[in-house]
Amino acid sequence: DAKTTQPPSMDCAEGRAANLPCNHSTISGNEYVYWYRQIHSQGPQYIIHGLKNNETNEMASLIITEDRKSSTLILPHATLRDTAVYYCIVKAGGSEKLVFGKGTKLTVNP
Amino acid sequence: EAGVAQSPRYKIIEKRQSVAFWCNPISGHATLYWYQQILGQGPKLLIQFQNNGVVDDSQLPKDRFSAERLKGVDSTLKIQPAKLEDSAVYLCASSLFRVRDTQYFGPGTRLTVL
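As they're listed, the protein sequences go chains U and W. If you want our numbering, it's the 1-based position in the first sequence plus 12. If you want our numbering, it's the 1-based position in the second sequence plus 166.
Hints may be right or wrong, so weigh each one.
The following label-pair restraints were derived from C-beta to C-beta distances [unchecked claim]: (1) P227(W) / D79(U): 35 to 45 Å; (2) R230(W) / E78(U): 43 to 53 Å; (3) P227(W) / K81(U): 30 to 40 Å.
Simulated pairs of lysine-lysine, DSSO-like, Cα-Cα distance not exceeding 27 Å [claimed, not checked]: (4) K210(W) / K81(U); (5) K15(U) / K103(U); (6) K15(U) / K64(U); (7) K81(U) / K109(U); (8) K109(U) / K181(W); (9) K109(U) / K228(W); (10) K15(U) / K114(U); (11) K210(W) / K117(U); (12) K117(U) / K64(U); (13) K117(U) / K81(U); (14) K103(U) / K81(U); (15) K114(U) / K237(W); (16) K15(U) / K109(U); (17) K228(W) / K114(U); (18) K103(U) / K117(U); (19) K15(U) / K244(W); (20) K210(W) / K103(U); (21) K249(W) / K114(U); (22) K64(U) / K249(W); (23) K114(U) / K210(W); (24) K237(W) / K181(W); (25) K64(U) / K81(U); (26) K181(W) / K103(U); (27) K109(U) / K210(W); (28) K103(U) / K64(U); (29) K244(W) / K177(W); (30) K114(U) / K81(U); (31) K114(U) / K244(W); (32) K228(W) / K181(W).
The set of hints was computed from the structure by calculation and includes no laboratory data. Since the structure is predicted, the reported quantities are computational estimates derived from the model, not experimental observations. We put the beta carbon where it would ideally sit given N, CA and C, even for glycine.
Only chain U is shown next, with the shape it has when bound in the complex (with noise of 0.2 Å):
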């Protein structure tokens, strides 16, 4: 079973900043908490990963809460090429598997 919590879906306006929260109350001190989206007919791409420290990248900015209940994916500035369904995954550093939930269905509207 999954071991995050994550909202059906979210709606958010094209430019602004797509904040999408995930709840992992119970993660283990050696499990990374790891982000996919995946987009209509293909297949999921890996978006960012994070242990404590927020991480950044070019697509998206992780911020993991200090004592790493919860996260929140940040899209800066998101477009309608953004809209996709989000996964919030966590995964222990010496497991390969990805549990994928049912996600967040992120609508960007113009």
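We have chain U; now place chain W onto it with these hints.
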């Protein structure tokens, strides 16, 4: 860099027929995964290969599903015989390192069983 290739993209069969899907991972990626994604759900891991050996096939319905990765490169997933509930998208993914590395997914094969 070429991505993960899968074929066919779409397949329609009748129940009790057989079907096979093919995957070519990113060059040099030792780990290969097959996932099943039923409509409205997230992908579910069916089987994982490290080179040509099986690492995890705990979720693979072995009475009807089989997979192989000869020579540690391409892989084939077969269903024989298919059931209605096998209708899904079958995704292949690969990764370079076994631990903590990101997985790269192909476009998937959409299977419809009538």
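Status of the hints after comparison with the structure:
no.: 1; hint: P227(W) / D79(U): 35 to 45 Å; verdict: holds, 39 Å
no.: 2; hint: R230(W) / E78(U): 43 to 53 Å; verdict: holds, 48 Å
no.: 3; hint: P227(W) / K81(U): 30 to 40 Å; verdict: holds, 35 Å
no.: 4; hint: K210(W) / K81(U); verdict: holds, 24 Å
no.: 5; hint: K15(U) / K103(U); verdict: holds, 9 Å
no.: 6; hint: K15(U) / K64(U); verdict: holds, 17 Å
no.: 7; hint: K81(U) / K109(U); verdict: holds, 20 Å
no.: 8; hint: K109(U) / K181(W); verdict: violated, 30 Å
no.: 9; hint: K109(U) / K228(W); verdict: holds, 19 Å
no.: 10; hint: K15(U) / K114(U); verdict: holds, 11 Å
no.: 11; hint: K210(W) / K117(U); verdict: holds, 18 Å
no.: 12; hint: K117(U) / K64(U); verdict: holds, 25 Å
no.: 13; hint: K117(U) / K81(U); verdict: holds, 21 Å
no.: 14; hint: K103(U) / K81(U); verdict: holds, 14 Å
no.: 15; hint: K114(U) / K237(W); verdict: violated, 35 Å
no.: 16; hint: K15(U) / K109(U); verdict: holds, 13 Å
no.: 17; hint: K228(W) / K114(U); verdict: holds, 25 Å
no.: 18; hint: K103(U) / K117(U); verdict: holds, 21 Å
no.: 19; hint: K15(U) / K244(W); verdict: violated, 30 Å
no.: 20; hint: K210(W) / K103(U); verdict: holds, 14 Å
no.: 21; hint: K249(W) / K114(U); verdict: holds, 24 Å
no.: 22; hint: K64(U) / K249(W); verdict: violated, 44 Å
no.: 23; hint: K114(U) / K210(W); verdict: holds, 11 Å
no.: 24; hint: K237(W) / K181(W); verdict: violated, 31 Å
no.: 25; hint: K64(U) / K81(U); verdict: holds, 10 Å
no.: 26; hint: K181(W) / K103(U); verdict: violated, 36 Å
no.: 27; hint: K109(U) / K210(W); verdict: holds, 10 Å
no.: 28; hint: K103(U) / K64(U); verdict: holds, 13 Å
no.: 29; hint: K244(W) / K177(W); verdict: holds, 13 Å
no.: 30; hint: K114(U) / K81(U); verdict: holds, 19 Å
no.: 31; hint: K114(U) / K244(W); verdict: holds, 26 Å
no.: 32; hint: K228(W) / K181(W); verdict: holds, 17 Å
Of the numbered hints given earlier, the model fails hints 8, 15, 19, 22, 24, 26; all others are met.
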